[in-house]
Structures are given as C-alpha cells and as structure tokens.
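For the sequence shown, the residue numbers in the numbering used here are 113 to 460.
In silico DMTMM-like pairs for lysine to aspartate or glutamate, Cα to Cα no more than 25 Å straight-line: (1) Lys165 with Glu178; (2) Lys207 with Asp130; (3) Lys191 with Glu178; (4) Lys296 with Asp261; (5) Lys165 with Asp130; (6) Lys296 with Asp236.
If you're looking for bench data, these hints aren't it; they were derived computationally from the structure. As the structure is a computational prediction, the values presented were derived from the model and not from experiment.
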Amino acid sequence: MDAHPIPAAHRIRIAGSDAVFDCADGDTLLRAAQRAGLGFPYECNVGSCGNCKFELVEGALQMAWEQAPGWSDKDRTRKRYLGCQAQPLGACSVKLRLDPRCAPVHRPTRGDARLLARRAITHDISEFRFALALAQRFEPGQYALAHLDGVVGARAWSMSNAPIDDNADGAVWEFQVRRLAGGKGSDALFDALQIGQRIGIDGPYGMAWLRRAAPRDILCLAGGSGLAPMVSIARGAMAEPQLAQRRLHFLYGARTPADVCGQELLRALPGWGERLDYQAVVSDAAARDGGWSGAVGYLHQAALERFGERLAQMEIYFAGPPAMANATQRMLLDAGVPMAQVHFDQFY
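Build the full structure now, drawing on both the sequences and the hints.
The following block contains the structure:
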C-alpha cells in the first residue's frame with residue numbers, strides 16, 4: 113500500500129470561460145486555482161477580507177471555517193463562498209471573474225518546513241528561520257500560510273528575507289512574527305515549536321512584491337509586524353543590479369520607543385547611508401517625556417510631511433495593522449499617487 117496516497121482531485125470549471133483546474137481533497141478553490149496559474153482574486157487568504165468570493169453554480173462545497181468573518185448570512189443564501197475557505201466535495205462549476213493581476217508569479221506549493229533558528233527582534237517580535245522541504249521561490253514582499261500543530265486554520269506570515277539560492281537545507285524562508293497575547297498561533301510558534309520541528313507551509317502568495325522594472329525611487333512604510341515584508345523588499349532591492357540607481361526610503365511606525373526596530377537590519381545592507389535611509393516615528397505623544405528624540409505622530413502623516421508632492425514620483429509599498437494601512441491608503445489617494453504605484457496586501 114502506498115504510504116503517501118495522492119489525494120483525490122475534483123475538476124473545477126469557471127462558468128462562461130474555458131478555464132478548468134483541479135482541486136485536491138483538503139485544498140481550497142482559491143489556492144488550487146493559484147497552483148494552476150490562474151488569477152483567482154484574493155487578498156488576505158485566511159477568511160477575513162471577503163475579496164475571494166465566488167458563486168457556486170453547480171456541485172457541492174464545504175467551508176473549512178464556517179465562522180469566517182468575510183462570509184455573511186446573505187452570502188450563504190445566495191450560494192456565495194470564500195475561495196480561501198471553500199473545499200469541493202466533487203466536481204463543481206463556479207462563477208467568478210479571473211484577474212490577471214492576481215495570477216501567481218511563482219505557483220504556490222504545499223509542503224513541510226523545518227525550524228532552523230530563531231532570534232528576538234524586539235520584546236514581542238522574533239525572526240524564525242525555516243528550511244523548506246521543497247525548492248520553492250518567492251518574490252520579496254510575499255507571504256506564506258503556516259499550519260501549526262493544534263491550531264485551527266492557517267496563519268499568514270510574510271517572508272522577511274530576500275530569495276536566496278536553494279542549498280542543502282532546501283529553500284530558506286524567514287519570518288518576523290509578532291507575539292499576540294492569548295493568540296493560539298503565537299503560543300504554538302513561540303512556546304511549543306522547537307528547533308528541528310516541522311510545520312506545514314503553503315506559498316508564496318500576495319501581490320505586493322517588488323516591481324523591479326519600475327523606474328522610480330522606492331518608499332517602504334512599515335508598522336508593527338508589517339516590518340517583515342518591507343525588510344524583504346529592501347533586502348531584495350539592495351541586492352538587485354537592475355535597481356542600483358534607485359534610492360529606497362524606509363519609514364517605520366511604532367507605538368512606543370521600545371517597539372522601534374528595523375534599522376539594524378537595514379544597516380547590514382549595501383547602500384546604507386547612500387541610497388538607503390531609515391526613519392522611525394512613534395505614535396505615543398508621551399514618548400518625548402521618556403527621552404525619545406525622534407519623530408512623534410502617525411506613520412502616514414510622517415510620510416506626507418517628509419515627501420509631500422514627491423510621493424507621486426515613488427513606487428510605494430506598505431504593510432502594518434489595519435488602521436495604519438487604511439490611513440496610509442487614504443493619504444496616498446489624497447496626495448494624488450497613482451494606485452498603480454502603490455502595493456500592499458490587505459490583512460485584518
């Protein structure tokens with residue numbers, strides 16, 4: 113008997129088009145479509161944003177997470193489902209509009225990853241280094257879905273390293289993850305997972321990856337654990353000969369001075385102080401009383417004050433908490449920045 117049987121695959125047809133793909137048992141329609149190279153629209157990939165909704169025309173599905181915030185009672189009555197949670201029970205026909213902008217640069221794969229090392233970045237953010245069992249590439253700024261023992265549902269973690277060549281350990285992906293008080297995923301990662309142990313990993317995903325062909329200087333705006341994808345962008349950009357004439361500005365927003373991080377990581381990159389610079393801003397107005405001499409305020413305000421009209425001439429990447437991301441998006445719109453120059457993945 114085969115110790116590793118191949119999961120049954122179900123044929124999925126997109127109504128009104130010639131697009132057809134297979135979805136294995138236990139996989140979701142969104143991720144299976146991505147593995148087939150199709151531009152199934154999505155953002156968060158974990159059931160929160162609702163941007164991967166589609167209509168079931170024929171067939172039967174089950175939802176991996178019935179309580180997903182992005183799935184409403186109205187959706188249920190209209191036979192609308194979340195692509196990131198919908199698992200087929202047989203052949204299906206679905207209605208959705210494929211978006212070529214969402215087509216994967218690298219088709220995501222599912223596999224195992226072994227924890228190689230960990231180190232603290234701040235009091236509540238640590239960097240975890242994993243070796244993947246499969247050789248899998250990614251673009252700077254992308255993320256992966258982590259499956260941890262005893263934790264229901266996937267956790268989306270952004271890679272913090274730049275893609276490197278495969279080695280004896282397989283592809284190496286690093287993640288900078290913030291510990292959340294009472295978070296089951298955080299507890300499993302920070303407390304239970306030991307060096308040498310394995311987790312399930314699925315990726316890469318995300319559309320906020322480094323645009324090498326863009327003829328503009330780069331601005332990275334990071335808040336909280338949004339540090340990881342922005343550091344990946346910076347590491348990738350500084351190592352890319354095609355971008356050797358581009359400047360990169362990195363702004364980090366934190367709540368208190370104790371939360372400030374990232375500068376020491378960027379200092380190690382070529383171009384530091386010449387075409388790469390860093391600024392931190394804290395939102396706690398009382399920080400000055402504690403001796404903080406840097407900027408005080410919100411990240412989006414600091415970016416606007418520093419760059420003003422120059423924002424419209426930049427390629428802009430940002431990541432961070434929802435409130436920060438929403439405020440940054442509004443600011444960039446008001447500043448007249450073309451949205452084609454703005455890159456972010458929507459998380460909740």
